[in-house]
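If you count by mature numbering (1 follows the signal peptide of the UniProt record, and there is no 0), then the sequence shown holds residues -19 to -1, 1 to 297, one letter each, in order.
No lab work stands behind these hints: they were computed from the structure. Even for Gly, the Cβ is constructed at its ideal location relative to N, Cα and C. Wrong hints could be hidden among the right ones.
Below, simulated DSS-like cross-link-like pairs (lysine-lysine); rule was C-alpha separation at most 27 Å, straight line [said to hold, decoys possible]:
| no. | residue 1 | residue 2 |
| --- | --- | --- |
| 1 | Lys32 | Lys8 |
| 2 | Lys32 | Lys46 |
| 3 | Lys46 | Lys70 |
| 4 | Lys139 | Lys46 |
| 5 | Lys250 | Lys184 |
| 6 | Lys197 | Lys250 |
| 7 | Lys46 | Lys8 |
| 8 | Lys139 | Lys197 |
| 9 | Lys69 | Lys46 |
Label pairs and their computed distance ranges (CB to CB) [claimed, not checked]:
| no. | residue 1 | residue 2 | range |
| --- | --- | --- | --- |
| 10 | Cys176 | Ala258 | 26 to 32 Å |
| 11 | Val10 | Asn200 | 48 to 54 Å |
| 12 | Pro78 | Ser236 | 38 to 44 Å |
| 13 | Arg86 | His260 | 48 to 54 Å |
| 14 | Cys239 | Ala132 | 31 to 37 Å |
| 15 | Gly205 | Val143 | 24 to 30 Å |
| 16 | Ser236 | Glu84 | 33 to 39 Å |
| 17 | Pro78 | Glu209 | 32 to 38 Å |
| 18 | Val10 | Cys239 | 52 to 58 Å |
| 19 | Asp50 | Ser76 | 18 to 24 Å |
| 20 | Leu228 | Arg86 | 44 to 50 Å |
| 21 | Leu80 | Phe263 | 50 to 56 Å |
| 22 | Ala203 | Leu62 | 35 to 41 Å |
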Amino acid sequence: MIDIFKSFLAILDFISVNCLQLQQFPKSVLAYIFAFLDCKSLLNCELTCKKWSTVIEENLHKLPKLQTDQIRILFDEAEILIHPIDEKKCPVRYSMPSLQGLERRLHHLTTQSLFIRGLISVESVPVLRLLLSLTLRPQQVYIIWSQFSPASIPMLEKFFYVNREFVVDVGLEECSPPHLFNDSLLDSLLPGLTCLRLWNNGKSGNYAISDCSIYKLANAIADGYAVETIDLTSCSLSESSLSSLILAWSSCPLSDLCISLNYCPLLNKHSLYEILALHRIFLRDAYNKDLLCEVCRRIPKRECSYTTMLREQTRA
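Kindly produce the complete structure, drawing on both the sequences and the hints.
Encoded structure:
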């Protein structure tokens, strides 16, 4: 506090000696002053003049942010919904602006959850470039019904990398082409990822998420990280990595673990049962159909209970 007071006195002295008016303040002085303002005041300052707007844009990473619960970017409906932290307040709805307008709308915000729907391939690169210019710091990233170009996947990987300290929950649903989404997408988030959801109907191929990522999740559990949900459809994993994951959890059950697997062509569930049985872990086959859903519950004295359901799923 004393250092801040001394810095402020130095600024006042500089201004008085040079007889500066407000519009003549150096950018460094303006940036220092803006750091003490709240987000709404910054928005007003940004509209004051081009110089102030430039200073704010150049120092966004240092300036206060307005925290939100969720930002929903709906390209298929051409609108944005911003959900406030206060549950009693209604979400704010905006028509979809240009990408430049979208950046201005979001650059003062952080969010707990980022939801994107309806992105098309030709827009994937500029949209991800926009996201990389922001400091949203999401804990959850969920992308649904979206198409990506090959050039956009490294940018998505970079987005996860720059937000690796925040993102713990990732979901992709009906994102195409699925073969572009491989293990490197998750590398920067492991260990530390608590929920992973990857779904598609399999008509255009399988996600390239393989045993490599599952082994890393198993190692994360063994190292004391909590993993709560693994929900995978049409992924290229086998019973070898899945058994390692369950065994790691059974040795160190820090939290409940739900595993749901659907249409994973390399997975042999009977072989999985045999591997686990060797370690005295027995799964009950309830319906003997297509979907393997295992719920591992943590109960007192580090005892383990397992519930397994196999139920029929119909392809869309």
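Verification of the supplied hints:
no.	hint	verdict
1	Lys32 <-> Lys8	holds, 8 Å
2	Lys32 <-> Lys46	holds, 20 Å
3	Lys46 <-> Lys70	holds, 19 Å
4	Lys139 <-> Lys46	holds, 22 Å
5	Lys250 <-> Lys184	holds, 22 Å
6	Lys197 <-> Lys250	holds, 21 Å
7	Lys46 <-> Lys8	holds, 20 Å
8	Lys139 <-> Lys197	holds, 19 Å
9	Lys69 <-> Lys46	holds, 21 Å
10	Cys176 <-> Ala258: 26 to 32 Å	holds, 28 Å
11	Val10 <-> Asn200: 48 to 54 Å	holds, 50 Å
12	Pro78 <-> Ser236: 38 to 44 Å	holds, 41 Å
13	Arg86 <-> His260: 48 to 54 Å	holds, 53 Å
14	Cys239 <-> Ala132: 31 to 37 Å	holds, 35 Å
15	Gly205 <-> Val143: 24 to 30 Å	holds, 25 Å
16	Ser236 <-> Glu84: 33 to 39 Å	holds, 37 Å
17	Pro78 <-> Glu209: 32 to 38 Å	holds, 36 Å
18	Val10 <-> Cys239: 52 to 58 Å	holds, 54 Å
19	Asp50 <-> Ser76: 18 to 24 Å	holds, 21 Å
20	Leu228 <-> Arg86: 44 to 50 Å	holds, 47 Å
21	Leu80 <-> Phe263: 50 to 56 Å	holds, 54 Å
22	Ala203 <-> Leu62: 35 to 41 Å	holds, 40 Å
In summary, the structure agrees with every hint in the numbered list given earlier.
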